[in-house]
Structures are given as C-alpha cells and as structure tokens.
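Peer 1: The chain contents come next:
Number of protein chains: 2
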Amino acid sequence: MIARAAVELNKAYLLLNHGPVTLVSSAANGRRNVMAASWAMPLDFDPPKVAVVIDRSTLTRELVEASGEFVLNIPSRRIAQTVLAAGSSSGREGDKLAALGVATEPAAQVGAPLVDGCLAWLECRVIPEPDNQRKYDLFIAEVVAAWADPAVFANGRWRFADEAQRTIHYRAGGHFFATGEGFQA
Amino acid sequence: MIARAAVELNKAYLLLNHGPVTLVSSAANGRRNVMAASWAMPLDFDPPKVAVVIDRSTLTRELVEASGEFVLNIPSRRIAQTVLAAGSSSGREGDKLAALGVATEPAAQVGAPLVDGCLAWLECRVIPEPDNQRKYDLFIAEVVAAWADPAVFANGRWRFADEAQRTIHYRAGGHFFATGEGFQA
Chain A
1 MIARAAVELN KAYLLLNHGP VTLVSSAANG RRNVMAASWA MPLDFDPPKV
51 AVVIDRSTLT RELVEASGEF VLNIPSRRIA QTVLAAGSSS GREGDKLAAL
101 GVATEPAAQV GAPLVDGCLA WLECRVIPEP DNQRKYDLFI AEVVAAWADP
151 AVFANGRWRF ADEAQRTIHY RAGGHFFATG EGFQA
Chain B
1 MIARAAVELN KAYLLLNHGP VTLVSSAANG RRNVMAASWA MPLDFDPPKV
51 AVVIDRSTLT RELVEASGEF VLNIPSRRIA QTVLAAGSSS GREGDKLAAL
101 GVATEPAAQV GAPLVDGCLA WLECRVIPEP DNQRKYDLFI AEVVAAWADP
151 AVFANGRWRF ADEAQRTIHY RAGGHFFATG EGFQA
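Those protein sequence lines, which keep their order, are chains A and B. full-length UniProt numbering applies: residue 1 is where the first sequence begins, and numbers increase by one. full-length UniProt numbering applies: residue 1 is where the second sequence begins, and numbers increase by one.
Misleading hints may appear alongside valid ones.
All copies of an identical chain are treated as equivalent in the list; a pair is satisfied when it fits inside any one copy or across any two copies.
To be verified - Quick list of in silico lysine-lysine cross-link-like pairs, DSBU-like style, CA-CA up to 35 Å:
(1) Lys135 - Lys49
(2) Lys135 - Lys11
(3) Lys11 - Lys49
It is worth saying that the hints were derived from the structure and are not from the lab.
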C-alpha cells in the first residue's frame, strides 16, 4: 500500500524542481517496465509540463511511444539500489519490476504503474514532438495527476525528517548524493 | 581570479547530472546579463548537449537569441543570495551583474562571461530549434568548453569538503537544498 495524497497540479513542478533522480514507469500492450532517468526536469508550471530523455534503445521508449503515457516516480534513498538496478538492466530480458521485486499500484489517469518505495509520482501524458523524440530522445509531456507521500511533502513543501526517506540525485558509477540540508537565502 | 581547470567534454554532463540550480550568463551587442535557472539538464554525453528553459519575457532570452551562446554557471552555497537576487530582478533595469556586485571573466569559446563564485561552468552554443524555443521556451545547446574548480571537481567526480562550497538545488520562495551526503548504492 503506497502512502500518498494528491498534489495540486500547479504545485507538481515542486516535486521535480530540485533535480532528483527519477524512475520512469511505463505500460503498453500487456507489457510494463521501469527505468532510471536523471535527465528529467519541469518545463512549465500550470498546466505542468515536464521534459525527460528516454534513449531509443530502451524498452521504455517502445512502451512510451505505444501508450503516449508514463509516470515519473521520485525514489527515496531507501531504494537507491533498486534505482541503480533499474538503470543497469533491460526490460527486454523479462518483467524488470518483478525481477527487482518492486510492488506497484495503478495510477489514476495513465496506464503506467506507480512504483512503491517512492516519495512522489507525476502521471504524464506525452505531447507528441516527433522531431525532439527522433533527434534528441527528448520527450515532452503534460502532468495530468500528481501524488506525494504526505509524510515528506505537504502544502507544496518537502519536509525530510528520516535520512532514508529523502530524495536522491544521481552522479555516475553507482554514486548518488542525498538531498541535503534545506536553507533560506 | 576564478580557480578553474578544464573539464574533458565527455565528462561535462557530470557537472549537471545531479540537478543543481544554474546561473545562465549571456552577452550580445554590448549588453550582458545573468539569470537563475533550475530547469536545466544534460541532453547527451558526447558531444555533450544540454537543455534549458529561458522564459520569453527575459533579457537573457533576447541576448541568447541574438548571440546563440550562453554559459551555464553552477553556483556554490556561498552565493545563494546572489542566485536568488539574479532570479528576482530583470537585466532590463540595468547591468544586473554590476548591480549584484558579481565579478566575471571571459569565457574561452563564447561571448557570455564566466560568473565568479561558481564551482563549474559549461560554455554552450545554441542548436537552433525554433519550434521548441517558441512553444516551450526550451533551448538546446552543445557544450563547447567546460571548467570546474579543481578543489571540488576533479577526475570526473565532485568532492565537496567545505559546507559553503557545495552545489545547491532550488525549491521555491527563496528556499534551497544543499547537495547532501554522497553514497554508493
């Protein structure tokens, strides 16, 4: 059971604004998948849009192009190993979610699943831009629903208390940064 | 005097991969400017490309469209107030860099300046994509030179020691996160 509360769409960009790593989940034609993506960012406030890079070699690319939908899941430090594994194997070899032992729940607006162990979820519908997809592997999408664990995100603010329940940022080679101290300039 | 060493182009994405806030500096026709941008990400490894959102209302937009160039500067926590101020005022009211008391140095490959107080710099040349620019305020660019302060980035790795010399991530309303603890999954 995923603990989550709806996030108002005009606040959805706040889930992604600080640049955490994401898991992209997808589903189409009876198949589903998950991959890690660091190259994701907000693109607009309201209606919220996002941009994400999805390499042409991936099964995720095939499923996102077939369904026109995906979910950006924001993982916690607790599942950093799963993020790394999701970024290191291909869903073409079998159901990656099952292989990783990752539980999911149905999303509200899209067919792609919500990934358990994450802190926030952005349900996204692709705005077709074939040139961007072909030339840059770049997908633009509208956020049609958003959720967050109310223990760590409420009233438009992240409030991290538990070290394991923080967002994370990917470097390379299995190395991450945890999201650090909050401060006001 | 900015402390910096060249970063190999195939490692330039590592400067931006963890999602820090950036300062976009620009220059054209005898004018120059700087603005804050959280919505920036790597788009390719080698040759390195980046994507960044530059709102159509900004002076930066005018200068980037006129010159086809900009620098993504990665600020340190030490200058978080400058980042906030750069994101809260317009260069149309006068030379913002001068008003903020921010020193600069010439870049190697582009006319936009390198901003002092930052930890890394990506010199970028715009790949014209008029539809993206018009519809999404989205700019795609190739990184043509990259630099980092060797005290915090060397051999393709960030190594933060001093709390004030860490990268930062923007939330909203003047609130940031510092880049936190590094760990291996």
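Peer 1: For Lys135 and Lys49, with the copy left unspecified, which applies at a CA distance of at most 35 Å: within, between, both, or neither?
Peer 2: both (20 Å within a copy, 12 Å between copies)
Peer 1: Treating 35 Å as the Cα threshold, decide for Lys11 and Lys49: within, between, both or neither.
Peer 2: Answer is both; intra-copy 11 Å and inter-copy 28 Å each pass.
Peer 1: For Lys135 vs Lys11, is the C-alpha pair at or below 35 Å within one copy, between two copies, both, or neither?
Peer 2: both (31 Å within a copy, 21 Å between copies)
Violated hints for the displayed structure: none, as all numbered hints are satisfied.
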